[in-house]
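Trainee: From just these sequences and the hints, can you work out the full model?
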Amino acid sequence: MSSNTTFFFSRNVLTKPFSLKNHLLYFSNSNPSHCPPHVRRYHRLTKTPSYPKTSHRHSLSSSSSPGKLGFLAWYLRKIQTHPLVTKSITSSLIFGAADFTSQMITLHSSASYDLKRASRMAVYGLLILGPSQHMWFNFLSKVLPKRDVSTTLKKILMGQTLFGPVINTVFFSYNGALQGESGPEIIARLKRDLLPTLLGGAMFWPLCDFVTFKFIPVHLQPLMNSSCAYIWTIYLTYMANRNNVSNA
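Numbering (full-length UniProt numbering), first residue to last: 1 to 248.
Since the hints were derived computationally from the structure, they do not count as laboratory data.
Treat the numbers as computed from the prediction; the structure is a model and nothing was measured.
There's no promise every hint is true.
To be verified - Straight line, CA to CA, 35 Å or less: simulated DSBU-like cross-link-like pairs of lysine-lysine:
# : residue 1 : residue 2
1 : K78       : K116
2 : K146      : K78
3 : K214      : K146
4 : K214      : K154
5 : K78       : K154
6 : K142      : K154
Said to hold, decoys possible - Pair ranges (Cβ atoms, derived):
#  : residue 1 : residue 2 : range
7  : L72       : L107      : 43 to 49 Å
8  : P217      : L144      : 17 to 23 Å
9  : A111      : G183      : 29 to 35 Å
10 : F71       : V143      : 30 to 36 Å
11 : L144      : L107      : 39 to 45 Å
12 : R242      : P206      : 23 to 29 Å
13 : R77       : V143      : 33 to 39 Å
14 : G180      : L207      : 33 to 39 Å
C-beta atoms are modelled at their ideal positions from N, C-alpha and C, and glycine is treated no differently.
Mentor: Right, dumping it as structure tokens:
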């Protein structure tokens, strides 16, 4: 009989009844290499497996949380906390950048950029378009709160028949007035440019609006709308800065 077995009997014969369970527990708590083969097998079977710490898994999941998205998360927070100011500044930056892009496309290589024109477009986005879009979309969300196909089409129709004509009329009038055009010249510009602009918008915006309202998550809709607006504004600033009718 081995020394470990002798010690086990001398220790437990008077205090604990002999049992296979006590025998195995004793050897499993000792060095497994000194145990008989059947005890070593028991030790392997009863050994508790180790798992990754919860804090490690939590750190991995938290690394992909919305707080790690950088500028996008910051922008979406500003949309929630300061919607009017954020949308107005966004509209101003989009109009200014789109006008620069329009000038890059239309100007000759020897011509210089018209900073007054770009500033005029940026101010329009800041003071007129940004606030008006904020009020318009809030109005639509109250009147038509659903997001099904039928409601989405109604929103698109209202935008094309109500908001679009009004905001484009204001845009051409504002731009013409700051360029020094008289009242009759502004009216002549509206007769020449407003209808083609509305027709172009009727081909461009319904698809963008449908995708935005129907498929894009709510917290990403402002970013999607801004992306579409940048493309559209390049065309719009080109139309607005054409020669007036008297010089055409």
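Trainee: Hint by hint, note whether the structure agrees.
Mentor: Hints, one by one, checked against the model:
1. K78 with K116: holds (29 Å)
2. K146 with K78: Between K146 and K78 the Cα gap is close to 24 Å, so the pair holds against 35 Å.
3. K214 with K146: Answer holds: K214 to K146 is near 10 Å, not above 35 Å.
4. K214 with K154: Distance of about 12 Å is within 35 Å: holds.
5. K78 with K154: holds (29 Å)
6. K142 with K154: Cα-Cα ~13 Å, so holds.
7. L72 with L107: 43 to 49 Å: violated (33 Å)
8. P217 with L144: 17 to 23 Å: holds (18 Å)
9. A111 with G183: 29 to 35 Å: About 30 Å separates the Cβ atoms of A111 and G183, which means 29 to 35 Å holds.
10. F71 with V143: 30 to 36 Å: This hint holds: roughly 33 Å between Cβ atoms.
11. L144 with L107: 39 to 45 Å: holds (42 Å)
12. R242 with P206: 23 to 29 Å: holds (25 Å)
13. R77 with V143: 33 to 39 Å: violated (27 Å)
14. G180 with L207: 33 to 39 Å: holds (37 Å)
The structure does not agree with the numbered hints 7 and 13 stated previously, though it agrees with the rest.
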